[in-house]
Amino acid sequence: MSSRSVIGLKIRETRRAQGIRQNDLAGRVGISPSYLNLIERNKRAIGGALLAAIGRELSLSIDSLDGTTERRLRDQLLTLAEDETVGSQDLRSGDIDSFIARHPAWARALARIYGALAAAQAEIEALSDRLTHDPVLAEAMHTMLTEITALRSTAEILSDPAEILPQQRRRFERIVDEQSSRLARTATSLAAHFDRISENRRPRTAIEEAENHLSGSDRTGATETAAQRLLTDLGEGRDLEAALFAALKRPPHLPVEWGRSKRISSLSLAYVIQSEVPEIERALEHCPAPALPFATDLLSRRIADAICMPAETLLHLGSRLSWDLDAMVRAADGDGPLVFRRIAELYQAGAPRAGLISVDASGATLHRGGALDLLPRSRQLDCPVWPLHRARSGAVMRAKVVLPGGDGRQVAARAHPDGMKVDMLVFAADAGFASEKKTPLAVGPGCRICTHSECASRREPSIIDT
Amino acid sequence: MTRRVLIVEDEPDIVESLTFLLTRAGFVVKSIADGNTALTELTAWLPEVLILDAMLPGTNGFDILRTLRSDARYATVPILMLTAKGQRRDRDIALSLGADCFMTKPFANAEVIQAVKDLANGDVDHLP
Numbered sequence: 200m201s202s203r204s205v206i207g208l209k210i211r212e213t214r215r216a217q218g219i220r221q222n223d224l225a226g227r228v229g230i231s232p233s234y235l236n237l238i239e240r241n242k243r244a245i246g247g248a249l250l251a252a253i254g255r256e257l258s259l260s261i262d263s264l265d266g267t268t269e270r271r272l273r274d275q276l277l278t279l280a281e282d283e284t285v286g287s288q289d290l291r292s293g294d295i296d297s298f299i300a301r302h303p304a305w306a307r308a309l310a311r312i313y314g315a316l317a318a319a320q321a322e323i324e325a326l327s328d329r330l331t332h333d334p335v336l337a338e339a340m341h342t343m344l345t346e347i348t349a350l351r352s353t354a355e356i357l358s359d360p361a362e363i364l365p366q367q368r369r370r371f372e373r374i375v376d377e378q379s380s381r382l383a384r385t386a387t388s389l390a391a392h393f394d395r396i397s398e399n400r401r402p403r404t405a406i407e408e409a410e411n412h413l414s415g416s417d418r419t420g421a422t423e424t425a426a427q428r429l430l431t432d433l434g435e436g437r438d439l440e441a442a443l444f445a446a447l448k449r450p451p452h453l454p455v456e457w458g459r460s461k462r463i464s465s466l467s468l469a470y471v472i473q474s475e476v477p478e479i480e481r482a483l484e485h486c487p488a489p490a491l492p493f494a495t496d497l498l499s500r501r502i503a504d505a506i507c508m509p510a511e512t513l514l515h516l517g518s519r520l521s522w523d524l525d526a527m528v529r530a531a532d533g534d535g536p537l538v539f540r541r542i543a544e545l546y547q548a549g550a551p552r553a554g555l556i557s558v559d560a561s562g563a564t565l566h567r568g569g570a571l572d573l574l575p576r577s578r579q580l581d582c583p584v585w586p587l588h589r590a591r592s593g594a595v596m597r598a599k600v601v602l603p604g605g606d607g608r609q610v611a612a613r614a615h616p617d618g619m620k621v622d623m624l625v626f627a628a629d630a631g632f633a634s635e636k637k638t639p640l641a642v643g644p645g646c647r648i649c650t651h652s653e654c655a656s657r658r659e660p661s662i663i664d665t
Numbered sequence: 010m011t012r013r014v015l016i017v018e019d020e021p022d023i024v025e026s027l028t029f030l031l032t033r034a035g036f037v038v039k040s041i042a043d044g045n046t047a048l049t050e051l052t053a054w055l056p057e058v059l060i061l062d063a064m065l066p067g068t069n070g071f072d073i074l075r076t077l078r079s080d081a082r083y084a085t086v087p088i089l090m091l092t093a094k095g096q097r098r099d100r101d102i103a104l105s106l107g108a109d110c111f112m113t114k115p116f117a118n119a120e121v122i123q124a125v126k127d128l129a130n131g132d133v134d135h136l137p
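Residue numbers (our numbering), protein chains in the order written: chain B, 200 to 665; chain F, 10 to 137.
Derived from the structure by calculation, the hints contain no laboratory data.
For every residue, glycine included, the Cβ atom is placed at its ideal position computed from N, Cα and C.
Mixed in with the good hints, there may be bad ones.
As the list claims (entries may be wrong) - Facing chain F, from chain B, some residues (calculated, C-beta under 7 Å):
| id | residue |
| --- | --- |
| 1 | E338 |
| 2 | T348 |
| 3 | S352 |
| 4 | I356 |
| 5 | L357 |
| 6 | S358 |
| 7 | R373 |
| 8 | I374 |
| 9 | S379 |
| 10 | S380 |
| 11 | L491 |
| 12 | P492 |
| 13 | T495 |
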């Protein structure tokens, strides 16, 4: 199937999805309904100004309309179909173009999942390779095993009830003392080696690159400046929702069940996307190309958040309510996600220092922001002990945790009202967000490689014999 | 008759505990820490059992094992191979080169002593 047929199908599917009649769209772009019908049935080629006009009317980029996006997606799905582990003959002979045109969201999701699988496989291979070939690791492991052997063998002798001469006993006690000191030193240097590996680790995914790129303080300043200017453009003193609605050329559809804060959030984002925002362009100047779409979305969302809740509003609210997160969410019309995002965004402007992790209902990490150094190194929080896996909507769950490696943190997790996402703020160990009386929860790297043998939340045995 | 065990191992504390245990079990024990001198020592002092570490300064344990098994004088000396790596590949190499028994560090004292006794008695069928 050619890109032309993809374009026709895409125009028809998008038009129908938006509830626009063929006659209406044809009228808006200045062609006859029958000509549009021919385009949609792939009987006429389309390009240039007409393609751009239809793209504008349907809010589709030229890239996605002229087939560039689909061709890229098609290549990814073809690779998946031909992959020995997940592909099959059925997939290879299936009509991928039709699938992309009819179910674009599913096709993109499938490509993303396959991309994530490939990234995970590459990481496993890299780790296996590191364990096998990293000379520092190999040497350290050999040294540790040798020291443990001497220690174990000597300790067994000392604990044996068989008689040992005092002189021999003293010699073996000296060995235990020396070997345990050596073992401690080797373990410390090994931990330092792992730390260095972790610090040198480059972002693995485009979204991670985008998050890292936007984590600098100058980005936060630019976000607030842009939001302030856009708010001024809307007119001082006007009702925000009404002003946003009036300013939008094409207001988004807002379901009737949405509350005011969710409506304003959606309108603000549409307003940022519609507006000229030079701060976005400047902030993304040195952003790696693959991360650009994600960084643009993240920054637009942040500016929209700053419109909904300017920095001074958040800081005043926090100060007035002593940073009681439940009270702050209530005061913000129940918009917990907005309060959490703004706290993480404004940690350099007076809010408590915090990182933010958002996960979906399956527990997969969608976004990391705020003070990234407070977050666990692993992007995926596979350990079931993490409070965000048990958070409910309507109340903030607070806890103290101990990360793998021993560092402490305080966390506050809250589910979105529909239960489909959870946000978790991660504070320093002494932040005062969790009761001092609470016992810290020991979180691990995920059951398969976790050494917490007595953990009540364990879902499967560890491959590490403890 | 006293039976002799030669330990080729470069970690002195492991040598000390093995020497103590094997002596207590009735063996006469000698040790060397360098792979290069192992063959010379064997010529002068042929043991009933050889305990051979895989990773040694100088010639490594696998090379010593290969040399011993290709020499008619040492082809039947029972050999217990020790390694700090538990990898199947090391085990396969050791056994294919003719080791009689293979143990990974950290080992239990009782298992090593029993294995040495079994090797000295020619009772090798059940050894790991």
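Results of checking the hints against the structure:
1. The interface hint given for E338 of chain B is broken, as the beta carbon of that residue sits about 10 Å from the closest beta carbon of chain F, more than 7 Å.
2. Taken as an interface hint, T348 of chain B checks out: its beta carbon lies about 4 Å from the nearest beta carbon of chain F, inside 7 Å.
3. The restraint placing S352 of chain B at the interface with chain F holds, with a minimum CB-CB distance near 4 Å, inside the 7 Å limit.
4. At its closest, the beta carbon of I356 of chain B sits 6 Å from a beta carbon of chain F; the interface hint therefore holds under the 7 Å criterion.
5. At about 10 Å, the closest approach between the beta carbon of L357 of chain B and any beta carbon in chain F exceeds 7 Å, and the interface hint on this residue is violated.
6. Interface restraint check for S358 of chain B: the shortest CB-CB distance to chain F comes to about 10 Å, outside 7 Å, so the restraint is violated.
7. The beta carbon of R373 of chain B is not positioned within 7 Å of any beta carbon in chain F (closest approach about 9 Å), and the interface hint is therefore violated.
8. Among the interface hints, the one on I374 of chain B holds; its C-beta lies about 5 Å from the nearest C-beta in chain F, closer than the 7 Å criterion.
9. Annotation: interface hint on S379 of chain B violated; nearest CB of chain F at approximately 11 Å, more than 7 Å.
10. Interface restraint check: S380 of chain B against chain F, minimum CB-CB distance 12 Å, threshold 7 Å, status violated.
11. This hint is violated: L491 of chain B has a C-beta 44 Å from the nearest C-beta of chain F, more than the 7 Å allowed.
12. The criterion of a C-beta within 7 Å of any C-beta in chain F is not met by P492 of chain B, whose closest approach is roughly 44 Å, and the hint is violated.
13. Among the interface hints, the one on T495 of chain B is violated; its C-beta lies about 48 Å from the nearest C-beta in chain F, farther than the 7 Å criterion.
Violated hints for the displayed structure, listed by number in ascending order: 1, 5, 6, 7, 9, 10, 11, 12, 13.
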